[in-house]
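Enquirer: Going down the list, the protein sequences come from chains A and D.
Numbering that gives the first Met the number 0 puts the first residue of the first sequence at 0, with every later residue one more than the last.
Numbering that gives the first Met the number 0 puts the first residue of the second sequence at 0, with every later residue one more than the last.
Covered by chain D, per the in silico footprint, the following chain A stretches (three or more residues, Cβ under 8 Å):
{"no.": "1", "stretch": "162–170"}
{"no.": "2", "stretch": "267–279"}
Between beta-carbon pairs, the in silico distance windows are:
{"no.": "3", "chain 1": "D", "residue 1": "GLU184", "chain 2": "A", "residue 2": "PRO101", "range": "49 to 59 Å"}
{"no.": "4", "chain 1": "A", "residue 1": "PRO101", "chain 2": "D", "residue 2": "ASP210", "range": "33 to 43 Å"}
{"no.": "5", "chain 1": "D", "residue 1": "PRO197", "chain 2": "A", "residue 2": "PHE152", "range": "39 to 49 Å"}
{"no.": "6", "chain 1": "A", "residue 1": "ASN238", "chain 2": "D", "residue 2": "SER453", "range": "26 to 36 Å"}
{"no.": "7", "chain 1": "A", "residue 1": "PRO123", "chain 2": "D", "residue 2": "THR204", "range": "43 to 53 Å"}
{"no.": "8", "chain 1": "A", "residue 1": "PHE240", "chain 2": "D", "residue 2": "LEU317", "range": "35 to 45 Å"}
{"no.": "9", "chain 1": "D", "residue 1": "THR204", "chain 2": "A", "residue 2": "PHE152", "range": "31 to 41 Å"}
{"no.": "10", "chain 1": "D", "residue 1": "LYS254", "chain 2": "A", "residue 2": "LEU28", "range": "54 to 64 Å"}
{"no.": "11", "chain 1": "D", "residue 1": "ALA141", "chain 2": "A", "residue 2": "PHE34", "range": "55 to 65 Å"}
{"no.": "12", "chain 1": "A", "residue 1": "ILE98", "chain 2": "D", "residue 2": "ALA346", "range": "57 to 67 Å"}
Hints are computed from structural coordinates only; laboratory data are not their basis.
Beta carbons are placed, not taken as given, at the ideal position from N, Cα and C, and that holds for glycine.
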Amino acid sequence: MFEMGRRPGFLGYSSFERSKIAFCYLALLPILALFAILRIIPIIETFWLSLYDWKLVGSVRPFIGLANYQGLIGDEQFWLAIKNTSLYAGASVILGLTISLPIAVALAGKMKLSPFYQAIYFLPFITPMVPMAVAWKWIYDPRYGILNYILSFFGMQPIGWLIYPEIAIWALIAMNVWKNLGYNIVLLLVGLRNIPAVYYEAASIDGAAGWSRFRHITFPLLKPILLYVLVTSTINAFNVFTQVYVMTLGSQAAPGRAVRVLLYDIYENGFRYFRMGYASAEAVILTLIVLALTLVQFKLVKSEA
Amino acid sequence: MGGDQTRIDCFGINEGLQVPMIVPAQNLEGRKRRMKRIIPLVVLIATMIAMVSVTASAKTINIWTGFPELEPFYKWAGAEFAKSHPGVNFQVLSTSLREFEQKLTAAIPTGTGPDVFDVGPYIAIKLIDAGLLPPNPPEVDAHLKGGAWSKFSVDYVTIGGKTYGIPLMNGSRAALFYNKKMFREAGLDPNSPPATFPDLLQAATKLTKYDSAGNVVRSGHSMRISGGGSGLTEKFRFVLHNAGGDVIVPTGGGKWRNDLDNEAGQRALQYYIDSIHKYKVDDPQVRHDSEAFVTESTAMFLRESWVIGEIKSKNPKLEYGVAPMPKWERWDTLAQPWSVYMSAEGAKSKEVREFINFLTGKEAAAKLVELSGWIPDRLDFDWQSLVKKTPQYQVFVNPPKGMGFFADPVMPAFDEVQTKVADRLVEAFLDKKLVNNQEGIKRVVHEIGGLIDSILKRYGAYGK
Numbered sequence: 000m001f002e003m004g005r006r007p008g009f010l011g012y013s014s015f016e017r018s019k020i021a022f023c024y025l026a027l028l029p030i031l032a033l034f035a036i037l038r039i040i041p042i043i044e045t046f047w048l049s050l051y052d053w054k055l056v057g058s059v060r061p062f063i064g065l066a067n068y069q070g071l072i073g074d075e076q077f078w079l080a081i082k083n084t085s086l087y088a089g090a091s092v093i094l095g096l097t098i099s100l101p102i103a104v105a106l107a108g109k110m111k112l113s114p115f116y117q118a119i120y121f122l123p124f125i126t127p128m129v130p131m132a133v134a135w136k137w138i139y140d141p142r143y144g145i146l147n148y149i150l151s152f153f154g155m156q157p158i159g160w161l162i163y164p165e166i167a168i169w170a171l172i173a174m175n176v177w178k179n180l181g182y183n184i185v186l187l188l189v190g191l192r193n194i195p196a197v198y199y200e201a202a203s204i205d206g207a208a209g210w211s212r213f214r215h216i217t218f219p220l221l222k223p224i225l226l227y228v229l230v231t232s233t234i235n236a237f238n239v240f241t242q243v244y245v246m247t248l249g250s251q252a253a254p255g256r257a258v259r260v261l262l263y264d265i266y267e268n269g270f271r272y273f274r275m276g277y278a279s280a281e282a283v284i285l286t287l288i289v290l291a292l293t294l295v296q297f298k299l300v301k302s303e304a
Numbered sequence: 000m001g002g003d004q005t006r007i008d009c010f011g012i013n014e015g016l017q018v019p020m021i022v023p024a025q026n027l028e029g030r031k032r033r034m035k036r037i038i039p040l041v042v043l044i045a046t047m048i049a050m051v052s053v054t055a056s057a058k059t060i061n062i063w064t065g066f067p068e069l070e071p072f073y074k075w076a077g078a079e080f081a082k083s084h085p086g087v088n089f090q091v092l093s094t095s096l097r098e099f100e101q102k103l104t105a106a107i108p109t110g111t112g113p114d115v116f117d118v119g120p121y122i123a124i125k126l127i128d129a130g131l132l133p134p135n136p137p138e139v140d141a142h143l144k145g146g147a148w149s150k151f152s153v154d155y156v157t158i159g160g161k162t163y164g165i166p167l168m169n170g171s172r173a174a175l176f177y178n179k180k181m182f183r184e185a186g187l188d189p190n191s192p193p194a195t196f197p198d199l200l201q202a203a204t205k206l207t208k209y210d211s212a213g214n215v216v217r218s219g220h221s222m223r224i225s226g227g228g229s230g231l232t233e234k235f236r237f238v239l240h241n242a243g244g245d246v247i248v249p250t251g252g253g254k255w256r257n258d259l260d261n262e263a264g265q266r267a268l269q270y271y272i273d274s275i276h277k278y279k280v281d282d283p284q285v286r287h288d289s290e291a292f293v294t295e296s297t298a299m300f301l302r303e304s305w306v307i308g309e310i311k312s313k314n315p316k317l318e319y320g321v322a323p324m325p326k327w328e329r330w331d332t333l334a335q336p337w338s339v340y341m342s343a344e345g346a347k348s349k350e351v352r353e354f355i356n357f358l359t360g361k362e363a364a365a366k367l368v369e370l371s372g373w374i375p376d377r378l379d380f381d382w383q384s385l386v387k388k389t390p391q392y393q394v395f396v397n398p399p400k401g402m403g404f405f406a407d408p409v410m411p412a413f414d415e416v417q418t419k420v421a422d423r424l425v426e427a428f429l430d431k432k433l434v435n436n437q438e439g440i441k442r443v444v445h446e447i448g449g450l451i452d453s454i455l456k457r458y459g460a461y462g463k
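One chain only, chain A, in its complex shape (with noise of 0.2 Å):
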């Protein structure tokens, strides 16, 4: 027997349903060709490039296997960019959060300038990073900056923030915390807000308050959120590169192996040295450290929730 209206045919599907399933594919077709154009294909061909001995002037560009791949191994400044973009993104991602949580649980409350506070963090994230890099480059001056000037009513003596290789890469990662809290404060009091008010109402009958009530129930109903924020963070601190490129730009900057991070040697090796095979390479690694972070947060995130 048939029901009514619908007709067996391919995989089970009703001509019906298989013409609503073409029209969905139908209509993501163009977003996904985009997807294609704009991101597979420059992986597709980024690795491909890896392969050869590919400059970016020059017609000779020979197949060479995985000698790039070689060749990082022992590239001291390939080491030294994955240790500071590490030390970089970890510290950003953790930092990040641990600041902005405690805000964004503040924020949710019941605090009366509570979206005039979220505009005044939100402000820095929508700030162009160039501008603001270029303010934070003077914030930091040893001589003329106001961090030292402030530091100057304590006591303290003049210091060299992008100077000193042990400060420059933590000067580097306040300024990213600063500039992405906004963002990461939105998001999270997006999750506070979507958490159901009957939980609490049960834990408060429970006699459940403080950091109980925030352990048992805020923390584990937010961990979707969580998850979001922590892989767009790590996969934003991965990826800096324009405060690097300002802020060591000129004779009065940062030093370039104190924080050379691997976007920058990325940089450097394409288009200072031509050298865009090898670049690829270092492109390619960066691609499977993010992929493998990311799959590794899913996984730690998914199995607590």
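Keeping the supplied structure of chain A fixed, place chain D upon it in accordance with the hints.
Expert: Leaving out everything else, chain D in the frame of chain A:
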């Protein structure tokens, strides 16, 4: 349809019908109003098309430079050239040197680069090596070999028997700028500036000013000690070369090796370490470079002639002198032609070639100094009247007898060598543990030497 409200179709819209068409007067008025609106629009579009056609017929020569101080010179040259070449326009783009080099090297291979540009030999050789820069056409070659340039300059731009570009200016001839007022205040004779590097350090100790906590507030000798980039190594070479070494030296057959992992390299690095940490005549946290000299935040520094132009425009009352590069084991200064090039042949080639000849001609040479401070590379340049007007140019245009010159090696690996060495040097300069630590200094120069040789090997340019 009343008579007042109707009009015969006078526009012949319906002529084919042979029937007098009655059109409502209101419609006709509306059509006229529309026409009144359309006519100015048509005129505007026609004017724009005409303007676009005129613009298209004009030739625009794009000029790129990494020296913003050259922009007024290029603009002057463009305006002068256009007088005898109606229909030729110029667009000048200037950015910082490193940004310009990166933009240029990305644009040239894709055919989107400028028509005319000036660039250092370390970048030009990469483009030449890749076949992206054409050799000089016969008329430009003849202009170059017409006797206005020294044999050294002509040889410097000759690669594989062909000449590339025309030397526009002497790109790196460096000398010692010193503040005479500060010399007097420190009890030093402003008429006898330091003649050797040890003298320079000694004078710098007297010229440095400190605050109550012992921090440098005015450096005695401003050295390039931070910021990275190949420029830092270039400045280090002022000391290194005169200490008896260099970054790389030829070993014959187009091969090179490092000349830094030796006593000269150790001496040069120690000079920096002592200056920064032992005698504290400079500090990474104070202002540096021309900015420091112009604002009187340093007493001395080593730089090229363009600084004279900068002082003229930013602090004309500055009381300063320019002395030759100090001696040490050797007495040489960096001096090399900085050339102007045309990109590949195209529709504008004739005008571009003529413009390059004009740009590097005798008439433009005087304007180059006047507008930028850089000195031309031409031999027939009237330097006497220049020196009479601005005595500080004397050292640059009429170097003392006995002083020699050294230049950047024209080979593709050199830019990478300089840039990567700079990164290592910055790290070493900031390392206080290297004070009175000969073993430490020896280890650092050995590491840097190894780095240089490894880069040369990768380029297939290493020789023992």
